[in-house]
Amino acid sequence: MKKNNKKKKWIKFRHKVIRLPLYLILGTYSRIKYGIKVERFKEEEKRPYLVLYNHQTAFDQFFVGMAFKQNLYYLASEDLFSNGWVSSLIRFLVAPIPIKKQTTDVKAILNCIRVAKEGGSIAIAPEGNRTYSGKTEYMSDSIVPLAKKLNMPIALYRIEGGYGVHPRWSDVVRRGKMKGYVSRVLPPEEYASMPDDELFEIIKKELYVNEAVADGEFHHKRIAEYLERAVYVCPYCGLAEFKSDKDIIECQKCKRQIRYTSKKELFGVGFEFPFHFVADWYEYQSNFMNHLDPQDYTETPIHTETASLYEVIPYEKKELISKDVVITLYGDRIIIKTETEELLFPFEKTSAVTVLGRNKLNIYFDGRIYQIKPPARFNALKYVHMYNRFRNVLKGEKDEQFLGL
1373 MKKNNKKKKW IKFRHKVIRL PLYLILGTYS RIKYGIKVER FKEEEKRPYL VLYNHQTAFD
1433 QFFVGMAFKQ NLYYLASEDL FSNGWVSSLI RFLVAPIPIK KQTTDVKAIL NCIRVAKEGG
1493 SIAIAPEGNR TYSGKTEYMS DSIVPLAKKL NMPIALYRIE GGYGVHPRWS DVVRRGKMKG
1553 YVSRVLPPEE YASMPDDELF EIIKKELYVN EAVADGEFHH KRIAEYLERA VYVCPYCGLA
1613 EFKSDKDIIE CQKCKRQIRY TSKKELFGVG FEFPFHFVAD WYEYQSNFMN HLDPQDYTET
1673 PIHTETASLY EVIPYEKKEL ISKDVVITLY GDRIIIKTET EELLFPFEKT SAVTVLGRNK
1733 LNIYFDGRIY QIKPPARFNA LKYVHMYNRF RNVLKGEKDE QFLGL
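If you number the sequence shown the way this note's numbering does, the last residue is 1777 and the count never jumps.
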């Protein structure tokens, strides 16, 4: 018998069937929980789109989907596909397109082309990361050649207010207002002959949102809780640890306390704090790291803490290595001690260090993926920033500002 080499279609009829009850439930939940107003995209017509959106909350994909009548196929990190039966269920229901966060993923590009050829719409957050600061994060210009290759109308979708309602570093959703809408559509005939840098500037401009402004009120009794996931540099002490409670975050070195208000503002308790918003503090922190010499921190640990350690089997599962490991960060390496061994991750030989979700940490080393599932107050950012600062200096790019997020 002849072998049937015909590829199965990515787009399935069941995706349309599932969409209606899914968005009926999640749409209602989103409006109640997040207070979001989603503007329906009235000019949609019956054609596929490449939807590009800024990334503020864990629910963004649902906010985007609520604006469209058709199914959208989302690019999602490989971590979503490594959770056993849960991942299998997600693949069956909505068939997201997997992408490896730490590298240029050719297979993900080919899958996007495949979905487009089948007449499907694709949704991508070019940032690849949710914002910790309230400002739209770094975007790679690789989105431009992909967009041109797909040759679809580009719908640029803005989410505003998401940082105020549910910042990445927080576990709780505040009472406040947010909205989502298509801000601009670029048809292929408009951007096909456009220089890549010009198209990239349009994408960045339309998706850029700066929530470092007192533009609304967002209420919760634990409004500053876990802000220490986003900050690790004290303007008075340098590298430091913080602890939050209710609306206060405190530096554990100098004991200065900072209040985070319902208007997203920062105020020193009994002193003049130099930063008005988290974004200002975050920018200072990044600048601090970009002037730091990693070699100054190779003898004495920067930080030591405990967590659980897993190995990620991509697109399958996560295997527990140890529930209780000791993690030590230096300027040039991470050391993880289990009950039976010591794992050394020299930055020079580590291919990537990335943060997922609120504060999970992935280390890509020697063809394997190690995932740190930490306690609530764990700050994964300092590991990512230190790793990227070391790599920038190693490459002779001491003035490079990008720290991996």
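Please keep in mind that the hints were generated in silico from the structure rather than gathered at the bench.
Hints are supplied without guarantee of correctness; some may be wrong.
[As the list claims (entries may be wrong)] Straight-line C-alpha distance at most 20 Å; calculated EDC-like pairs for lysine to aspartate or glutamate: (1) K1576 <-> E1637; (2) K1507 <-> E1637; (3) K1473 <-> D1738; (4) K1709 <-> D1665.
[What the hints assert, rightly or not] Simulated restraints on C-beta separations: (5) V1458 <-> G1491: 15 to 21 Å; (6) Y1510 <-> V1585: 16 to 22 Å; (7) C1609 <-> K1489: 53 to 59 Å; (8) C1609 <-> K1770: 22 to 28 Å; (9) V1698 <-> G1491: 49 to 55 Å; (10) G1491 <-> L1461: 36 to 42 Å; (11) H1591 <-> V1478: 43 to 49 Å; (12) E1714 <-> D1587: 35 to 41 Å.
Here the structure is a predicted model, which means the values were calculated and not measured.
Using N, Cα and C, we set each Cβ at its ideal position, and we do this for glycine too.
The hints, checked one at a time:
With a C-alpha separation of about 26 Å, the suggested pair K1576 and E1637 falls outside the 20 Å cut-off, and the hint is violated. At most 20 Å may separate the alpha-carbon atoms for a hinted pair to count; K1507 and E1637 meet this at roughly 14 Å. With a C-alpha separation of about 16 Å, the suggested pair K1473 and D1738 falls inside the 20 Å cut-off, and the hint holds. Between the alpha carbons of K1709 and D1665 the distance comes to roughly 25 Å, so the proposed pair goes past 20 Å and is violated.
Checked against the given bound of 15 to 21 Å, the beta carbons of V1458 and G1491, roughly 28 Å apart, lie outside it. The hinted window of 16 to 22 Å between Y1510 and V1585 holds, with their beta carbons roughly 21 Å apart. The hint said 53 to 59 Å for the Cβ distance between C1609 and K1489, and at roughly 56 Å that hint holds. In this structure, C1609 and K1770 meet the distance hint of 22 to 28 Å, their C-beta atoms being roughly 24 Å apart.
About 52 Å separates the C-beta atoms of V1698 and G1491, a value consistent with the hinted range of 49 to 55 Å. At about 25 Å, the beta-carbon gap between G1491 and L1461 misses the expected band of 36 to 42 Å. As the Cβ distance of H1591 to V1478 is approximately 46 Å, the hint placing it in 43 to 49 Å holds. Taken as a hint, the range 35 to 41 Å is violated for the pair E1714 and D1587, whose Cβ atoms sit roughly 49 Å apart.
Hints 1, 4, 5, 10 and 12 from the earlier list are contradicted by this structure; the remaining hints agree with it.
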